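Colleague: In this note's numbering, the protein residues as written are 71 to 152.
One should not assume that every hint holds.
Ranges of calculated distance between the beta carbons of each label pair, as one might list FRET restraints [said to hold, decoys possible]:
(1) K145 <-> Y103: 34 to 44 Å
(2) L86 <-> G106: 31 to 41 Å
(3) I147 <-> Y103: 12 to 22 Å
(4) T138 <-> D80: 21 to 31 Å
Honestly, the hints are just simulated from the structure, not real lab data.
Because the structure is a prediction, the values reported are computed rather than measured.
Glycine residues also receive a C-beta, built at the ideal position from the N, C-alpha and C atoms.
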Amino acid sequence: SCAARARRLDETAEILLLQSGPDVSFASCGMPYFIGGEITDRNQMSVQTPGSLRARLNIDVRVNTRVTKINTETKTITAIDE
71 SCAARARRLD ETAEILLLQS GPDVSFASCG MPYFIGGEIT DRNQMSVQTP GSLRARLNID
131 VRVNTRVTKI NTETKTITAI DE
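Turn these sequences into a full structure, and let the hints steer you where they fit.
Modeller: Below you can see the structure in the form of structure tokens.
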């Protein structure tokens, strides 16, 4: 991901990742198995979680947060919790 690449480029950078949905990294290739009932726990399809990205790469992840505005001049964003 872009956040992981940013971490590789700068180990000391403050990285905040905002994700509009509940999943940070999702194994979409497992979707047929989930629909077919072979995988019954949706959480088994999560490749990364906010906690694992924090622990492994020191990336602050906020799920269910939608960015509504980006101001490039002031380098700020506006976001809402969903």
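Colleague: Each hint needs a verdict: does it hold in this structure or not?
Modeller: Hints and how they fare:
{"no.": "1", "hint": "K145 <-> Y103: 34 to 44 Å", "result": "42 Å, holds"}
{"no.": "2", "hint": "L86 <-> G106: 31 to 41 Å", "result": "37 Å, holds"}
{"no.": "3", "hint": "I147 <-> Y103: 12 to 22 Å", "result": "36 Å, violated"}
{"no.": "4", "hint": "T138 <-> D80: 21 to 31 Å", "result": "27 Å, holds"}
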